[in-house]
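> Protein chains in written order, with this note's numbering: chain Y, 1 to 164; chain B, 1001 to 1414.
Since the hints were made in silico from the structure, they are not lab data. Remember, predicted model here, so these are calculated numbers, not experimental data. All C-beta atoms in this analysis are idealised placements derived from N, C-alpha and C, irrespective of residue type, glycine included. Some clues are possibly wrong.
What the hints assert, rightly or not - From the derived model, a few chain B residues whose C-beta atoms are all more than 10 Å from chain Y: (1) 1074; (2) 1160; (3) 1161; (4) 1169; (5) 1258; (6) 1314.
Stated by the list, open to error - Derived CB-CB ranges, DEER-like: (7) 1085/B x 138/Y: 43 to 49 Å; (8) 22/Y x 1051/B: 55 to 61 Å; (9) 133/Y x 1254/B: 46 to 52 Å; (10) 1036/B x 99/Y: 27 to 33 Å; (11) 1313/B x 2/Y: 33 to 39 Å; (12) 1055/B x 36/Y: 42 to 48 Å; (13) 1057/B x 133/Y: 41 to 47 Å; (14) 1018/B x 2/Y: 18 to 24 Å; (15) 1036/B x 2/Y: 22 to 28 Å; (16) 133/Y x 1045/B: 33 to 39 Å; (17) 1337/B x 18/Y: 41 to 47 Å; (18) 18/Y x 1320/B: 27 to 33 Å; (19) 18/Y x 1334/B: 39 to 45 Å; (20) 85/Y x 1018/B: 50 to 56 Å.
Chain residues, written in single-letter form:
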Amino acid sequence: MAGLEDLYREIILDHYRNPRNRGELESPPAVVAEGFNPLCGDEVKLWLLLEGEVIADIKIGGQGCSISQSSASMMTTAVKGKTIEEARQIINSFKHMMSIHESGLDEEHSQSIDDQPVEAELGDLAALRGVVKFPVRIKCATLGWNTFNQALKDAGNDDQVSPV
Amino acid sequence: MKKENFLNITKIKQEFPLLKRTINSKPIVYLDSGATSQKPQFVLDAMTDYYEEINANVHRGAYQIAEQATTASENARKSIARFIGTTNEHEVIFTKNATEAINLVAHSWGRINLAEGDVVLLSLLEHHANIVPWHQLATERGVKLRWIPITPEGRLDLTNLDQLLEGVRLLAVTAASNVTGDMPDIPYLAEAAHAVGALCLVDGSQYVPHRATDVSKLNCDFFAFTGHKMCGPTGVGVLWGRHEILDAMPPFLGGGEMILDVRLDGFTPNEVPWRFEAGTPPIAEIIGLGAAVEYLEAVGMTAIREHEIDLTNYALRTLTERFGSDLIIHGPPDTTNRGGILSMCLKDIHAHDLSQVLDQNGVCVRAGHHCARPLLRELGVTATSRASLYLYNDESDVDTLSDALYEASSFFNF
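In isolation and in its complexed conformation, chain Y is listed as follows (with noise of 0.2 Å):
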């Protein structure tokens, strides 16, 4: 029986109330991107600027649920500063972790050798983890990780990930 603690890990709430990474940048040439949950109104706008491989800046703006605010929020503190390829290998771990069945999650079925790795890459993100007992706000934490996808495509980098 998933209970509200199990989604709402402290440190999303913490995202939720302190967002990291508010606000705009100056387009162009930063990439703006956007993002619509149209069930819910959630909303992500997302502000990227590039120099050359690397995520030089990046910032976001919208409203929704604590889970979509909150996952975009901690994705942005996930890969500014990285890599584009970086960045890629991040949204493959967090795609990996949404994609897994909740059963995946009791703790009878302890977690395989190699995702413990994966889960060290995304740091607060692991948090997020619990959302795959809600299957309904799936969409919402991906939001801003699908916005980014879009935001990587505008940029022109083609060979990007298949949406989250």
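Once you have looked at the hints, place chain B on chain Y.
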């Protein structure tokens, strides 16, 4: 102190099998009848009995069960006609749902009768089902759309109705808002529409389940509603129309059943209502809707409305007392011409998060824009959590909702 109700809600709850369920070991508290209603055993049995005993295609009666199936479904049509206040059951057309019923009017009446520059008058209260078909017609035909505004209370603002009605050929309006609960004065609006030579279409989806309906008193020309919000199954809805208007309308969908003859060079459409019922109808669902009508008539629509007024008053009073200005309940603050719809915003907690906490407590509400995005934009919100009351809800359901709201308020206390 509990007020005496006409209805024995405890007994009524027992007649709905799903309401025995538990969620997270707690009794389910179903407050989303605005999205769909629960079904009494009586309706479920009627549909199972049909499939077990008389299932056969209709209007082809060469053998006994085919005759019985036809009689059962035409009897349902008669019951529904009686339920909405007409003696002419041929004014009752079966559709898939209210959305299809409105699309039928847009297609079969709108395409013939509306030309470029004609105005269709809608309102800001409307559900997308009573907006999008008119947008489609506007794009296709150059028809203009105009909107009746709303008051801060979430009622229609009819101050400038005369100006709004200039050049209008069709007024399409809801009889009960699924967000604010407001119930516009349909007879007044229909008369105003007729005075300028316009017809009046009414979306009765949130009205028919909750109030005694009489289309002749409402004085409208089309009335659309759906089965699944009134204790009937999904997959069946109704368009009522004045027979002289329907008689002049060409068919909607084409196929079998809606024809008298098909030749190589053309076809002859059937009489009304079958002209608008193409293909095999949802027979079991029609019979289920007929049974739902019988069930509601046995409970009594007046008793249901009185109960909902009492319960909505209880909810408005107790929630306001407990939460004060922390809780915004959109819509009129009293139950005069207001339904049991409570669209809520609690502090700055997002509707999705609020509904999550409620779900943990077995309380089922809807979070989102409720298929009324123009309305929510006007109210200045992106989403609300909506609790909607029906005949099987009682004060303990409202108390559980209140406790769950309090828990959410503490959990998200910043």
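> Where does the structure disagree with the numbered hints, that is, which hint numbers, in rising order?
Violated: none.
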